[in-house]
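Peer 1: These are the residues of each chain, in order.
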Amino acid sequence: MTRTIRLAPIALLAAAALAACGKKAPPAPPPAPVVNQDSINAEQARRDSIARAEQARRDSLAKAQADADRLRQAQAAARKALTDVIYFDFDTDSLTNASRGTLDAKIAALSANPDVKLRVAGNTDDRGSDEYNLALGQRRAASAKRYLTDHGITADRIDVISYGEERPVATGEDEAAWSQNRRDEFEITAGGDNLKATP
Amino acid sequence: MKRFTCLTLAAVALAAVASPMRAQQDTTRGVRIGLSYQPGVKPGVVVMPVSGSWGDSVQAMLQRDLDFGDRVTVMSGDAVNATATAQGSGGVNFGVWSTLGAAAVVQVALAPTGAHVILYDIAARRVAQMRDFPLGGRYGDAHWRLDVHGMSDEIERWITGVRGIARTRILYVRAGRVYVIDSDGYGAHAVTEAGTVMGPAWSPDGHTIAYSKLGSNGWSIEIRDLDSDAEHTLSATPGGLNMTPAFAPDGKSLAYGHGLENGTDIYVANVAGGPARRVTVGRGTDNVSPSFSPDGSRLAFTSGRNGHPEVYTADIDGSNTELLTPFNFGDQNYRSNPEWSPDGLTIAFQSQLAGRFQIMTITLRDRTVKQLTNDGINEDPSWAPDGRHLVFTSSRTGAKQLFVLDTESGRTRQLTHADGARLAAWSRYLAPTP
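Chains as they are written, first to last, in the working numbering: chain R, 1 to 199; chain U, 1 to 434.
Only chain R is shown next, with the shape it has when bound in the complex (with noise of 0.2 Å):
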C-alpha cells in the first residue's frame, strides 16, 4: 500500500507530463536585462568625444590648409611683387611710368620683408653692339636700383649685375622679341622663405 502511495505522485507527475506534452505551454517571459545606464553614458560620451575630436581634427585641418592657402597665395604674391619684370626702351636706361608702379610694388614688399635681398640683372636686346651692351644692362639695373634705394631700401639689400645681350627671352629680329628682352630681372638672393604679405 505504501509502495503504491508513494508511486502516485510519480504517476501525477507523469500524466501532467504527458498532458504537457499534448498541450503547448506559453512561453516564459525572457529575464529582464540588468540595464547599467552609467556604463551606457560612458560609452556614449567616449564615442562623441572622438566625433568631437575627429571634427575639431578636420576643422583645424581645414582651417590649416586654408591658412596655408593663404599664406602660400600671399607669399606668392609678395614672391611676384618682388620678382617682376621691368621693361625699357631702346639704348635707355629711363625706368617707364610702368616700371615705376612694378617698382612701388617691390618697395611695399620689401618693407614687408626686411630680410629679403633682391639681385637686378640688366638685359638688352640684340640690336647693339655686345660689348656696349654689356655696359647698357649695368646701367639698366642700376637705375631700377636707385629708384628703390631712393625710396628707402637699403643699398646693400640690392645688388646688380648685367648680362648684356647674352639671356635672351625672346628670339626673332622684331621688336616684339626685341621689347621682351629690355629688361631687368629680379631674383630673390635671401630671406625668400617666409615671405610676408606686403600691407
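These are computed hints drawn from the structure, not numbers from a lab. Using N, Cα and C, we set each Cβ at its ideal position, and we do this for glycine too. Keep in mind that a hint or two might mislead.
[Stated by the list, open to error] DEER-style ranges, computed between Cβ atoms:
(1) R/Asp115 <-> U/Ser216: 37 to 47 Å
(2) U/Gln414 <-> R/Ala177: 20 to 30 Å
(3) U/Ala194 <-> R/Ala177: 19 to 29 Å
(4) U/Asp78 <-> R/Ala170: 14 to 24 Å
(5) R/Ala155 <-> U/Ser216: 17 to 27 Å
Got chain R; can you put chain U on it based on the hints?
Peer 2: Same frame as chain R, but now just chain U:
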C-alpha cells in the same frame, strides 16, 4: 687736273713717309727681289712641289698663306703644275716661268729639322734669297704649322717687302668660351673652361690673353698665360662690371671698362697688380671698348656721353677727348668698337646703317670714312699686324662667323665654320719661341 696733281703730290708725300722703313728693310735683308709692290698689281708666284712625306702640306700651306696675304697671285693650273713637275727639284727654267708670267718661284727642300728655301727672281734670272728655316714641333702639329707660317711670312717679305701675316692667331668667343684659331683657319680650340666670357685681347707678345668673365658677383678681367694655362683676376677694381680689356703696346698695362652703379668708365691698371687709374669721366654714361694707339699715347673708345654711342679718342690720361665719328643729332645711328690700326693712321669701327652694323674705317688725318661691308650684319673689327686685313663677325651666312677682309681689294674669306663665333682679336706677329 689741279685736283689730280694735288692727289699725286699727296700720294708722293705719303710714299716718302712710308719709304724709309721699306728702305731699311731692303738693306737689312740684303738682296731683295726686283719687284716693287704696287696696289692692284700682284706679282705671280709659283710654289714648287715639295718632296718628302709632309711636302705636299708645306706646299699647300705656303700657297694658301701667300694667297691670303693678298699681295701676290699664287699661280696654279695645268700649265703651271706640269712645268713645276717637269722641273722637279733641280734647277729652275727661267725662260719657261717667264713665259708663263711668273715673277718669282719658291723652292723648298725639307730636312729632318727644318726647310731649305730658295726664292728665284725670274726676270733677273737669279737666286734672290736663300735660307734655312728651323721647323719645330712634330710634322703637322701646331708648333710645326706656326713655323711653316713663319716661313711663308718671310718669303712674302722677300717678294713684296712686307712681312706676311700667316704666323698669327685669332682669339674669339664661342658658346661662352675663348677660342683660338690659326690665321689660316686651322686648329680652332677652346682656351678657357666652360662659362661666360667676352672681349678677349692679346698681349703684344702673344703669350698672354685677357678677357672678361662672368662670375657670381659680376664680370671680372681675367689674365691668362697661354703657355702655362694659369689664370688670375685683375684685382684693381673688384666687383661690378669689368670688361673689354686691351693691352697697352708695352704689354705692361691694360685699359678696360669698369662700372658699378653710375655708368661705365675706362680705367688703366698694371697687369702685375696695383690700383687702377681712371681715364674717362663719363658722368653716368657708358665708356667701353678701349683701343690703344700704336705708340700707347692715346685711346680710342666707345662712349654714350652724347646720347648714343659714338667713337672718341683721348690721351691716355683722359685729356684732349675728341669725338672721332661725325654724327647728326636726332638720328638713331650708332658707332662703336674702335680698333686703332697698327700703323696708327686709321681706326676701324662699326656703324649702324638702316639698323645693321657695317665695318668702316676713318682716317685720323682727314677723317675720311670708308664703308667696307654691306652684306648682313658685320661687327667687331680687329686689325691684322699688316694693318691691311681685318677680322670681323658677320651674320651674312645666317649664323655669326668670323671673316677676314682685305681692306685694299675688298676680298673676303670665311675664317670659322662653327656656329656663333664673335668678338675676334687678331694677335701681333707671334715670334718663334727661342
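Peer 1: Work down the list of hints and note, for each, if the structure agrees.
Peer 2: Each hint tested on the structure:
no.	hint	in the structure
1	R/Asp115 <-> U/Ser216: 37 to 47 Å	violated, 20 Å
2	U/Gln414 <-> R/Ala177: 20 to 30 Å	holds, 27 Å
3	U/Ala194 <-> R/Ala177: 19 to 29 Å	holds, 27 Å
4	U/Asp78 <-> R/Ala170: 14 to 24 Å	violated, 55 Å
5	R/Ala155 <-> U/Ser216: 17 to 27 Å	holds, 19 Å
The structure shown violates the earlier hints numbered 1, 4.
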